[in-house]
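The hints should help you fit chain B onto chain A, whose structure is shown.
Here the protein sequences line up with chains A and B, keeping their order. Its first residue numbered 1, the first sequence is counted upward by one per residue in the numbering used here. Its first residue numbered 1001, the second sequence is counted upward by one per residue in the numbering used here.
Just to be clear, a hint being listed does not mean it is correct.
As the list claims (entries may be wrong) - 30 Å max Cα-Cα, derived BS3-like pairs, lysine-lysine:
id	chain 1	residue 1	chain 2	residue 2
1	A	K214	A	K266
2	A	K42	B	K1168
3	A	K194	B	K1277
4	A	K150	B	K1168
5	B	K1085	A	K150
6	A	K192	B	K1277
7	B	K1277	A	K45
8	A	K41	B	K1277
9	A	K150	A	K328
10	B	K1168	A	K214
11	A	K194	A	K80
12	A	K36	B	K1277
13	A	K36	A	K80
14	B	K1360	A	K42
15	B	K1168	A	K41
16	A	K214	B	K1360
These are computed hints drawn from the structure, not numbers from a lab.
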Amino acid sequence: MKFIDKIKEKFFKKDEHSLSVRDERLIARNNRRAMKEFEKKKNRKNVPEEEYLSQMKDENNIVEFEGLKTYFFTDVGTVKAVDGVTFSIPKKSIVGVVGESGCGKSITSLSLMRLVQAPQGQIVDGSIRFAAKDGKVYDIAKMPVSEVYKIRGKEIAMIFQEPMTSLNPVFTIGQQLDEVYELHFNDKDKKKAKEHSLEMLNLVGMAMPENVYKCYPHELSGGMRQRVMIAMALACDPRLVIADEPTTALDVTIQAQILELLKNLKERIDGSIMLITHDLGVIAEMADYVVVMYAGRVIEQGTAEEIFLNPLHPYTVGLQKSKPVVNKKVDKLYNIPGNVPNPVNLPDYCYFRERCDKCVKKCAGKYPETVWVSPTHCVACYRYAERH
Amino acid sequence: MPRLNTDFIQMIKYVIKRLALSVLILLGVSLIIYALIRIQPGLDFVEKKYQAQLQQDSTGQVAELVKQIQATYGLDTNIFAGYLKWLSNILQGNFGDSFQLSVPTGEVTYIEIIGPDGNPILTPKYETTSNVVSIIFAKSGVSFIIALIATVLEFIIAIPLGIVSATKQYGVVDYTVTVLAMMGISLPSFFLGALLLKVFSVELGWFPYSGLTDPNSGLPVIIDQAWHLVLPILVLTMLSVGGLMRYTRTNMLEVMNSDYIRTARAKGLSEHSVIYKHAFRNTLIPLATLFAGILPSLFGGAMITEQVFSIDGIGKAAYTAVVNGDVPFVMAYCMFLSILTVIGTLLSDIMYAIVDPRVKLS
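Just chain A, same shape as in the assembly (with noise of 0.2 Å):
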């Protein structure tokens, strides 16, 4: 009996994902005029700047997320990566982003710096409200792409997981240093580049930057390719990094130190740093709030200590108990049931709702709306909809 289920699961998902010739050419045609309309937008010149000029809500926040809606359009339909996502990052503070892959963590942050992949990924809908150095407040999801280079690499710069092919293959540590520092100070002296480089070489905890200035990505490991890249992005001078799972590709020992050089960044610059990781354990260890994503949406958020000592959403209970503890024996390491559900074509109910066993209810409406717990605790979860 439990086979033919199987079988028929397995069919009836097929008819729900396979998609006739009509749709297709409906969708590639939805695709190509979306396409075409957001990147029209995007190219346009000579923009006035009261159009993308914008007010924090709070003005201790470096960035604002307000519902942001970064979608793909792809040849299966509309991908809802990001869907909705609001958030904000307090200054000089550590923002941890958690989630499993493919919840939208990595394309939130890419939305921030307007690096999404294009045509087929835009910015749909939201604001990305940014306080920059001069003192005003742009809107970077209205921003036109001349204009974001003014805060791209120099108001903000980003760390990448994969330290092994995120520097360029041909050109030396140096040269992709001193490139850094001729862009943002303006200054094509040479020397001077070079002394700038070696001291952020130095400030990364490099041992012989000298050596490192002269080499290729392919000569270094991978723990001194992500001190490279922090060096960096410290090079630019930035007042928020964005750090997408920095230590992922490393082994722990190296990880250890990675995080202890980022934390020292954010004393350099004294701005703010957005954390994306899966990993719990970073999270704890570094982070000062806590944004939980889960298929394209912030299903949770707090400071630290209220996620970890008092999490809400079965997603995050679920999350911390999936995590190996230090001298605790289990036979079996808990995993949340099922998948993450497709983003082309999410329900509008509860994302979380087939995998929750703690449903209610009224689960079976629509997704639930955001309920502040506590001024800086909020959770999208019916559970505690009443109790608020």
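Leaving out everything else, chain B in the frame of chain A:
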């Protein structure tokens, strides 16, 4: 700079090793080509020449004569013995004489001929040679010029087009360029050549339709020759641009999707320097392999195109030689191409090491 020095020595060692290896390769290649040309079906060169007489031969005298001539041409032996003979000649520096082709040596001797009035008249006699090496040198000049111009044009047109079409993927420019490139790849050279001849020479009369010079054109010789070369160069360029353009486009697309391009963008670099500095250097790496093919194509001539436009280059000579079973010339021509190919491959490997710092020759 101790590091660079050791790298350099390594490279020299590598080159010597490769050259030694290529001698073996050339030996194998020459054996295969010799066997192929000798087992060519049908009549051999001498038999073809005396075909008519052979058919009417009732006494067997012509057959006897043919056998004698075959012996002088070295066509009476079996393949392996013939190959060994050819090889020993080559090692002695004797590349042989073409059975049918000859080129003027440039020397002129004067012979006295008794005129109709009984007085001797000095008549010029233009010396010719059938030595295959001389023929190759004499005939590859014009082919080289055509190929060089076509290759330069190919690179100048194809690489920027490939880059533009990759950076504007799925745009109007991309679709147009890709479709045109596809057409260029699909058209055979004899068809495109014939089409251009029909349109531009026969109908419009803008360009001459065959040969290299026209004594009646009234133009200076160089301009006249250039005028004659326009259509063949156009054909060669149009046919080769497509492939290179698609190759560049694919490489560029792959590079543009890589992580380090995202890093370069995240640094705040302008799109221009992302594409032309960071991406372009990486696109050059696979393009370096193309250098292997360039050398033989530069000197080897274009068989079909030269045939269509009746240009007296090495391609046309090779075509006639193959059709007629001219063993010494085909051998020399193929060996010439093999040597160029071997050198070209070596050069492309060295180029790899220069363009890509990750590659070390050893």
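For a C-alpha distance cap of 30 Å, please report whether B:K1168 and A:K41 respect it.
holds, 16 Å
Between A:K194 and A:K80, does the CA-CA distance stay at or below 30 Å?
Between A:K194 and A:K80 the Cα gap is close to 44 Å, so the pair fails against 30 Å, i.e. violated.
Decide if the proposed pair is consistent with the structure: B:K1360 and A:K42, CA atoms, cutoff 30 Å inclusive.
violated, 44 Å
Is A:K36 within 30 Å of A:K80, Cα to Cα?
It holds: about 18 Å lies between the C-alpha atoms, which stays within 30 Å.
Holds or violated: A:K42 and B:K1168, Cα atoms, limit 30 Å.
Cα-Cα ~15 Å, so holds.
Does the structure keep A:K150 and B:K1168 at a Cα separation of 30 Å or less?
Holds, because 24 Å separates the two Cα atoms, which is no more than 30 Å.
Satisfaction of hint between A:K328 and A:K150, Cα-Cα up to 30 Å:
Violated, at about 50 Å.
Mind checking the alpha carbons of B:K1085 and A:K150 for me, to see if they're no more than 30 Å apart?
Outside the cut-off at roughly 76 Å; violated.
Keeping to a limit of 30 Å between CA atoms, is the pair of A:K194 and B:K1277 held or broken?
Answer holds: A:K194 to B:K1277 is near 19 Å, not above 30 Å.
Check whether the Cα positions of A:K41 and B:K1277 lie no farther apart than 30 Å.
holds, 27 Å
For the pair we were handed, B:K1168 and A:K214, check the Cα-Cα distance against 30 Å.
violated, 34 Å
Pairwise hint evaluation, B:K1360 against A:K214, where the allowed Cα distance is 30 Å at most
holds, 17 Å
Checked against the numbered hints listed earlier, the structure breaks hints 5, 9, 10, 11, 14; every other hint is satisfied.
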